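Participant: If you read the sequences in order, they're chains X and F. The first sequence begins at 1 in the working numbering and counts up by one. The second sequence begins at 196 in the working numbering and counts up by one.
Simulated from the structure, these hints should not be mistaken for lab results. Be a bit skeptical, because a hint or two may be false.
Claimed, not checked - Reference listing, derived: stretches of chain X covered by chain F, where coverage requires no fewer than 3 residues with Cβ under 8 Å from a Cβ of chain F:
1. 105-112
2. 152-161
3. 164-178
On a predicted model such as this, the values are computed, not experimentally measured, just so you know. In this text, a Cβ means the ideal position worked out from N, Cα and C, and glycines have one as well.
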Amino acid sequence: MSEVKSVTGRGLPLRGNDIDTDRIIPARFLRSVTFDGLGEQVFADDRVQAKGTHPFDQPQYEGAKILVVNRNFGCGSSREHAPQAIARWGIQALIGESFAEIFFGNCVAMGIPCLMATSEVVKVLQDAVEFNPQTQLQVDLEEMEVRCDEYAAPVQMAAGPRQMFISGTWDACGQLVAQADSIRATAAQLPYIRW
Amino acid sequence: MSKGTLFDKVWDLHTVGTLPSGQTQLFIGLHLVHEVTSPQAFAMLRERGLKVMFPERTVATVDHIVPTDNQARPFVDSLAEEMIQSLERNSQEHNIAFYNIGSGSQGIVHVIAPEQGLTQPGMTIACGDSHTSTHGAFGAIAFGIGTSQVRDVLASQTLALAKLKVRRIEVNGTLKPGVYAKDVILHIIRKLGVKGGVGFAYEYAGEAIEQMSMEERMTLCNMSIEGGARCGYINPDAVTYAYLEGRDFAPKAAEWDKAVAWWDSLRSDADAQYDDVVVFNAEDIAPTVTWGITPDQGISIDEMVPTPDLLAESDRAIAEEAYVYMDLQPGNPIKGTKIDVCFIGSCTNGRISDLREAARIAKGRQVAEGIKAFVVPGSERVKQQAEAEGLDQIFEAAGFEWRDAGCSMCLAMNPDKLEGRQISASSSNRNFKGRQGSASGRTLLMSPAMVAAAAVRGQVADVRELL
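With the sequences and hints as input, model every part of the structure.
Facilitator: Written out as structure tokens, the structure is:
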């Protein structure tokens, strides 16, 4: 599995607090047994309403890899379709003031780091990318820093997930299954397993 | 750091070990599966040549995509049909119990597990659905997960997780008539915000909580996630045990007494330490309605839509967005707002006691002219019980439609949807933009009794005037 130590690329600024997963991918697009095609449907309804002015529709942000968001991004439904849609559009990392917990966990399991920064840092990044969409951003999980030309600022992520990205163990499935004996031993200690 | 809480005890009992990342590998006692977030997980298992490790601890049903007016197969929506077929195949292939339509036990996953006694105190419960927090009502640690994590639980019956902090939320005193569990949770979310619970499990306690029935407790815990808390729970007590005793999967005979003793031992200790404590007074809570596009944008029925100066600066931008989207004027009363659709149902408020309360308001009254009102029982068993009590006849006589079990218009992945700019009075859990199936549709969250009151008045009304 691949290590995720840093992501470098152009940014995509998406302003607003409490952007929920229903907005990221409306429920009607979940009527499928695969995640195929979700990339084109990301923010479908918001984009129609913005009539071409939504950041995901603006040509200057085509090919961006780092999504820069505000507070409580990804709240609401647990649907992994939301980060899948964002990732399939081309995003490889997110920086935001804060993330909803289930969304964050889904991103870890997909190998997409979500890094937290202060509202001031987020604003600097969003402004810089809007001013010059060609600006290269770099998120560095080893130094826990975001860089943008000469500018550098600290970012945060809990120690566990960070370690999973750096060591390439963000897909925990194999590690979990490998503990089969301990799992069965733990289960055997739980009274309710027997009744 | 918390110590001696039910959360700590259950977490420790289910800890398999510590992963190299430092995270806990946590055993999941009950895995609930539905048709929307599982097909890709089963496909990933297949790709990796993995099996379901504990099929006997996995239970499936179909709820999100099912039509509630005509459930004949194949479904008219071929995509929905493909999804139910996928779950039928996957549960058969992996030997997982599946409560299908017509089984007598199908329904919303968070309604059927408690009603069958599958949900029990002291368990860890996961499901690919954010409203899994519902099951915390029993003193279980229950939380929503995404599809890759559904894969992990299928394959290993465990998850890689970091421990949450614990916030005790006390609601002291007694609720006034016309004030329900839904109002309590909308009030709590209003005060603590939609991100206030991020990183926390919520322990609900205090007299008002102790006085609640199990179904009210489920309503409360269900919406923990709307306050940002992935998990919310209530310590098990006599109310919990009385609800559980005799249910299909509850322990029986000699096992029952042992179970009760074990459950009692899991209750938070009197001297437990919490990361945070917040106290509310039940008498301060009135029937509550949301006016905006996030569940914390709520007000009492007799308050005005807040003007920006009443809000914290960081809440003003989303309030401005909400005024425009909802087409509601700050400073105007919410009471009297004309509505188009009334929806009673969902994993928040689709249980028998919810339908009884709504029927009590609807009885002998008529749905106002031009309003589409419908009632969707949370499960086939709820439907059967309601019909045995004659609630269906009360609703139909009042002009409500009476439907089959499913998630329905809570999230509109099925034919039940708002159209255009319609505004709904809804007993569901989310008022997000577009949530109820129209990209410009609008949702006002409230208790089922308040929805029934809105239906008969044709506008947002104070249920206390109709009791």
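Participant: Determine which of the earlier numbered hints do not hold for this structure and return their numbers in increasing order.
Facilitator: Structure breaks no hint.
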